[in-house]
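Given the coordinates of chain A, work out where chain B should sit on it, guided by the hints.
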Amino acid sequence: AQSVTQLDSQVPVFEEAPVELRCNYSSSVSVYLFWYVQYPNQGLQLLLKYLSGSTLVKGINGFEAEFNKSQTSFHLRKPSVHISDTAEYFCAVTGNQFYFGTGTSLTVIP
Amino acid sequence: KAGVTQTPRYLIKTRGQQVTLSCSPISGHRSVSWYQQTPGQGLQFLFEYFSETQRNKGNFPGRFSGRQFSNSRSEMNVSTLELGDSALYLCASSLVRGKGSYEQYFGPGTRLTVT
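Quick mapping for you: the protein sequence lines, in order, are chains A and B.
Residue numbers are given in my numbering: position 9 of the first sequence equals residue 9, and the series is strictly consecutive.
Residue numbers are given in my numbering: position 27 of the second sequence equals residue 27, and the series is strictly consecutive.
Just chain A, same shape as in the assembly (with noise of 0.2 angstroms):
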């Protein structure tokens, strides 16, 4: 069985500060794992996924994400956060059935 843990269930950053949303994931078989953003009363968007290669993942709005097999983290950052960026963030795996992790709510703090 899969399962996903956001370590962090809220988090403050200053704007222009760099961030990091923690996400590490337990499997049994290869996965396939994502990062997705929900704003106010919408629908989750894709951010960026990890599928196969190299373990560097870039996103969109300037995030990207490291998997790390070894410590089965698949982590989230981006080096300059803008209030824009307020919103939940939920990291998810793959395997026969998607699973979602509980969220990460980021604030921006002008």
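Read the hints as simulated data drawn from the structure, not as lab findings.
Possibly wrong hints are sitting among the right ones.
[To be verified] 25 angstroms max Cα-Cα, derived PhoX-like pairs, lysine-lysine: (1) B:Lys-1 x A:Lys-58; (2) B:Lys-1 x A:Lys-49; (3) A:Lys-69 x A:Lys-58.
[As the list claims (entries may be wrong)] Over 12 angstroms on every C-beta distance to chain B, these chain A residues come out as not near it, computed from the model: (4) Ser-26; (5) Ser-70; (6) Ser-73; (7) Ser-84.
As the structure is a prediction and not an experimental result, all values here were calculated from the model.
Every residue, glycine too, gets a C-beta built ideally from N, C-alpha and C.
Just chain B, lined up with the frame of chain A:
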């Protein structure tokens, strides 16, 4: 390509009533999944349909049901509504990969309020 569409966007129902929500996937996507999202429980998986068959099911009571049509459009139905069913219901479509799927693409959701 057009994205995932869900109708209606907002719905208000009374306890005991039933409701049907609709989802049209991205063209070519044959897998449709449904999720319930609430502030307290987060994102919870309801079920997944592929080729008109339920392929995976979450841990929800039998009041929650779904179906998929030959054009991949899907509906979910909730009977005997309870106050706790108030939530954002999200639909997602994807291409299929063996027993699993690739990335899911989400619709804007249907906001259901039960009074």
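Comparing the hints with the structure gives:
{"no.": "1", "hint": "B:Lys-1 x A:Lys-58", "verdict": "holds (23 angstroms)"}
{"no.": "2", "hint": "B:Lys-1 x A:Lys-49", "verdict": "holds (20 angstroms)"}
{"no.": "3", "hint": "A:Lys-69 x A:Lys-58", "verdict": "holds (17 angstroms)"}
{"no.": "4", "hint": "Ser-26", "verdict": "holds (16 angstroms)"}
{"no.": "5", "hint": "Ser-70", "verdict": "holds (23 angstroms)"}
{"no.": "6", "hint": "Ser-73", "verdict": "holds (19 angstroms)"}
{"no.": "7", "hint": "Ser-84", "verdict": "holds (19 angstroms)"}
Comparing the model with each earlier hint shows no violations; every hint is respected.
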